[in-house]
Each structure stands twice: as C-alpha cells, then as structure tokens.
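S.K.: Spelled out from the first residue to the last, the chains are:
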Amino acid sequence: MAPTASTSKKKPGKKLANVDGELCGVCQACATVCPVNAIEVTESFVMVLPEKCTGCGVCVSVCPVGAITLIER
Amino acid sequence: MPKQSQVIVVGAGPAGSSAAVGALRAGATVTIVDRKTNVGIPVQCGEAIGKTGPSVAEIEIPEIAIQAPVRGFRVYSPGMHTVDFAETDPSGFIVDRRVFDKELFARATETGADSLLGARVLDLTRSNGTVDGVVVRHDGKKKTLKADIVIGADGVNSQVARLTGLRKTYKPVDIDSCFAYEMSNCDLEVDDLMQFLLGSEVSPRGYIWIFPKQNGRANVGIGIGGTVETKTAKEYLDYFLTHHEVAKRQLSNARVIETRVGALPVNGPNKKNVVDGALLVGDAAGHVHPITGGGMGYAMVCGSIAGRVAAECVANNQVDSPALEKYETEWRKLYGTEFDQSLKLRELLLKTDDDTLDRLAKIVTGESIVKLTAGKKVKIFMKAMSTGDPKLISLMNELRKLRMV
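Chains as they are written, first to last, in this note's numbering: chain V, 1 to 73; chain B, 1 to 405.
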C-alpha cells in the first residue's frame, strides 16, 4: 500500500521499528503489544509493516532479546 | 461454498488439540489449522504441567513427552530464604513441549480431526454478523474455509481474538516477556522439585525458574514484566547464570543446548470469550495463571470444554453468543475464582518490596503458597500478627481485604 496523505498523517515521528532477524526468536511479544497491528508474524520471522508502524517503540521494551530498535526512516 | 467441517480450530497447541478432541468426542467434524508447519516448534514455555488438568480434560499426558516427574517446588525469596513444598507422589511433570504438542495434535487427528498446516489466518468470514469461517493464506494462496463455529486457540498473539474484537492489543504491563535455556550438565540440588527465584534484582515483576529434565538437563528461564526497560529478559537470565549463588552451585558446569523466547498474558482471562459463531481458548482467552504463568493445564481443560460445547451447539443448530455462553459458565465454575483472586494477589505482590517478601517467606509454608495461588484462604494471619513486624502486618491487612487470610 502506498502511503497516502491520510495514512502518513498518523505517523507521529520519523522512526520505524526494526527487527534484527538474527536475534529474533519469533516469540510474538512485539506483535502482541503493537497498538496499530504493524507487526506480522510468519512461521520463521516477524515483519514490521512500514506503512502502519508509527515508531511508538512500545515493542522495544517487551522484546526478551533486545532484537528491536527504532531507526530513522 | 461447501463446509470445511462443522468446527474449525485455529492453533494446534494444547488448547487447540484438546478443543478438537472435545468436539470430536461430542460428535462434531473438526479441522485444525495452524500457521506453523512444525507443531510444537519452537518451544516457548517452562514445560511444566500438573496431573490434574489432563485428568479433568480426560486427555492422557503423552508418556514419551515426560522428562521428569515433579513433587512440588522450592521458592527462594529475594534474600534467599527457601520455602519448600513436596508431596509424597509426583503431582506433575516437566515435559518436552515439542513431543507433547505434536503427540496431542497427532492424537486429535487420529480421533478424526482434519488438519491444515502452514495456514495463517488473515480474516474471518461472517454471515449476518455470525462468524462462519476463516480466510487463510496457505501455499501462497488465499483460501476460505467455512464452518459452523471457529475456535480460536491461536495463542497470546491470537488473530481470532483480534478479528472478533474479543481482545484489543495487550498493554506491555499485561504481558510477561520470557527467555529460557535448555541446559545440559546441570548439578541440580533437587531433581524432583521446580525451583523459583523471586526478587526485583534477579527478575523484576516476575521470576526465574529452574525445572529438572532427564539426564542432568534442565529448563532454566526467566519471565519479567513487559514494562521492565532496564535490561532484556535474556540479559537478566545471563546475569543470573554468571553471578547468582544458586546458579553457581547448580549450573556452573551447565551448557546451553537450546534457547527459547516467549510472551505470556498475565492479566487474567478476557472479559468475554465468545461471540456469535466463535470462541477463544488457551492463551488466546488469557487462560494463564497471573502469578505462576502456568497455562497448559487450563488450556487442556478449557479446550476440551470449548470443543464439547461447540459440538453441542452445532448439533442444536444454535451457535450464537448466548448458546456458546455455556462454555464460559463451565470454565468459570472451575477456574473463575482462581484466576480472579490470583490477579488481585499478583497486583498486591507487585507492590510488595523485596524485604517484605523475605519476611513473608519466613512465616509462610509451602502449603500456604499452594492455597494462595489457587485463590484459597490461608491461616497465616495470627502468625504474621504475632511477629509484631509492621511490614508483615500491613501486608496481612491487604491480604485480609482480598479475603485471602
């Protein structure tokens, strides 16, 4: 989905959650707390949907292995 | 569109397989779908299960999954006072979840369930507002599977819970973040007790566990509050393993043979677990003990109830929320008080400092801990009062408000 004026308006910051695939164990803690459903879980990895992620960082504190950081878009 | 089966169970963990068996036994046709292609992998759990749950659910614990029988527990308070509880006979087991989950799933299929693995739920279908199927992605294609009832047994990150609106996103404060190692070469001081370590330094808003497995192996893990930002769960566990005296005594030669991560709901069951045409069980329903984090036994019992009620409702041609409510009534009758009281006790314990926990550990017995975590009243009030300890007295007054002493 291409970002439109209305979806990009919801983004409060210029940050984006980034998952380090080498550290991630796919426990889904991040997806469980994501308030905008921006994290999709497949069998072997999790995916942050950039068009949904608001960069709020709520996923960072729940990750048991510190695999998530906020990066500049 | 032809119906896939009368009941579709989403999730092939203990809750889902038990729900499937419950529904099959009551005469319904069942399909189990799971996002994963390997049921039971990766392991995301402490792997402990009591004997009671499977016995109530009338589903046998798969013998080949049993790693060690356990008779009780040893709790270490923050200041290292220990409280033991040990029954004469084993009251539960540490299992190998890979084998356990796969065996339960296999048995569900042998009882008659159809299965679809590698099928991720994208959406639910509805007819006149009643859930009547799921849309999955399978083999790279979107597929619609129709049913009379959908049972969401798809874990803490349940898509069915989200899509039915039965649960909004969890707040970090309502989940625990878990990390565990399976270790070899352990020198456990007790090989038939589960060990728990409490304290804001070792494991803030949670605990560290050491569970015995066979051949000198153990499941060593940590669950901490989702709001803890000082260190990650892994960092807390690694620090414990290298610095703590309990780890030095028992795990100094231990080697890591597997790592596990997980997330647990710890704010009790969802307010509501049924909508027209769908219901939730297991972690998806929040059927996890708010203090111990245990969930497998509840998942099996509540799963088998959910399956049976679903089959009955299908047979009666009545799958609306009031009809499915029977499931809520039945599980609440068994575990309602236990969950409700434990949730209140959890709140109180989270407010209690390490020093008070140490004082409590000195006067409390293992039996009292068992009762308290089961939501039952214990007789420790007079003993606590007679110490004259102001911190203990104020804790007892709080417990009295909860009608727990």
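Bear in mind the hints are in silico, worked out from the structure with no lab data behind them.
Keep in mind that a hint or two might mislead.
Listed below are the simulated EDC-like cross-link pairs for lysine to aspartate or glutamate, each with C-alpha atoms no more than 20 Å apart in a straight line [to be verified]:
1. 36/B - 43/V
2. 36/B - 40/V
3. 143/B - 22/V
4. 142/B - 40/V
5. 168/B - 72/V
6. 143/B - 20/V
Sample of chain V residues with no beta-carbon within 12 Å of chain B, all distances over it, derived [to be verified]:
7. 16
8. 18
9. 29
10. 71
Think of the CB as a built atom: it goes at the ideal place given N, C-alpha and C, for glycine as much as any other residue.
S.K.: Hint by hint, where does the structure go against what was stated? Just the numbers, ascending.
M.R.: 3, 5, 6 and 9
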